[in-house]
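Student: Going down the list, the sequences are from chains A and B. Take the first sequence: its position 96, counted from the start at 1, is 96 in our numbering, and no numbers get skipped. Take the second sequence: its position 150, counted from the start at 1, is 1150 in our numbering, and no numbers get skipped.
In case anyone wonders, no lab produced these hints; they're calculated from the structure. Note that CB positions come from ideal geometry on N, CA and C, so glycine has one too. Any given hint could turn out to be false.
As the list claims (entries may be wrong) - Label-pair restraints from in silico Cβ distances:
#1 B:P1030 - A:P149: 25 to 31 Å
#2 B:A1156 - A:E187: 14 to 20 Å
#3 A:A91 - B:I1092: 37 to 43 Å
#4 B:G1130 - A:Q113: 40 to 46 Å
#5 A:P66 - B:V1132: 27 to 33 Å
#6 A:N131 - B:H1042: 34 to 40 Å
#7 B:R1019 - A:K167: 47 to 53 Å
#8 A:P149 - B:W1108: 53 to 59 Å
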Amino acid sequence: MSNAATLDRREVLAAILKERGDALLVTGLGSSCFDAGVHDHPHTFYLWGGMGAAAMVGLGLALAQPRRRVLVVTGDGEMLMGLGSLSTIGARRPPNLSIIVMDNEQYSETGMQATHTQQGVDLAQIAKACNFALAQTVRTEDEVKACVPRLYDTAGPAFVAMKISTKRYPMSIKMRDGVHIKNRFREALLGQKAFD
Amino acid sequence: MKPETPQIPWSESIYEVFRKVDIRQVAYVPDAGHTRLIQRCHADTGMNTVVLTSEQEGVAMLAGAWLGGERGALLMQSSGVGNCINLLGTIIECRFPLLTLVTMRGEWGEFNPWQLPMGQGTPRVLEQAGVVVQHVDRAEDVAETVFAAAQMTFSACRPVAVLIGQRVVGFKDWSK
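Model the full structure from these sequences, guided by the hints.
Tutor: Have a look at this one:
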């Protein structure tokens, strides 16, 4: 089933990551992981599992690296499984954490079943109620353009739901080994201290 | 029912171990047994001490902490162990260190029958998930066990759970 949204998930992500600079990225499992693989970077940590974990991995990373911007890019299904983490993050209020949900209103890896966001649940309103400094829903390319700088410079936590189309793309990344993904990320970020 | 605040030094001794092994992030779902430790961690400006809505959030948070170069510890009651199981798979796959201190319920003199299934299952459930389990039953052994567990966690990059027995934590006398 398709939705009414027109934004393309990979174009939105490309617009965001073009400005990443030294920002750190955590992806949720599934399509978010595959999308980020198109722009593979050692400062990206790919979650291939652990559904519901992405936002909290982002929190731990943001607290450990307060001078870096930390982005979490995940899907609506993954975010819905970790809704409690929005209140944990909203209570702690890390200024350097931005969460982007690519919201196609479907579980696209498992047969395009409707998620709660297709049935009246508004993730940005939940984030707003959870004390996020910025919480918005983005639907157009102009809104994407206006939103991207705010993901990097807003005193967060920031939350943006990108209403994307249901278009699916092939898997873009074969790097699946968790130990490798972790060690590559730590070595790129921490240098020799990664081995302390 | 008001939880009893334990006035026992073993909780304090864990805080000293945290300082010694450079724990910088502490995530917890509260348990009465950890009350003093949680207070000490919150008061320490060198530690980020974060209250969770569910224990699994802490598993993910401490993975992020390690990615960013910091060591953390997760505090919970045994009833929270079941909430962590799926995310422990991510810890195992990526060989993340995870230091967890679990105060036991349903183990020794428990008055609440609802605590028994998870409490009795806790060691086996953790072992099945691939976590190294170390049980401590005497207050004087707590600090040393936590220190040894921290060494193993962060040097070997493995998940280690220290189960602090209900004999140490104490139980409510329900006979009166």
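Student: Evaluate each hint against the coordinates.
Tutor: For each hint, the structure was consulted:
no. : hint                         : verdict
1   : B:P1030 - A:P149: 25 to 31 Å : violated, 39 Å
2   : B:A1156 - A:E187: 14 to 20 Å : holds, 18 Å
3   : A:A91 - B:I1092: 37 to 43 Å  : violated, 29 Å
4   : B:G1130 - A:Q113: 40 to 46 Å : violated, 31 Å
5   : A:P66 - B:V1132: 27 to 33 Å  : holds, 31 Å
6   : A:N131 - B:H1042: 34 to 40 Å : violated, 19 Å
7   : B:R1019 - A:K167: 47 to 53 Å : holds, 52 Å
8   : A:P149 - B:W1108: 53 to 59 Å : holds, 57 Å
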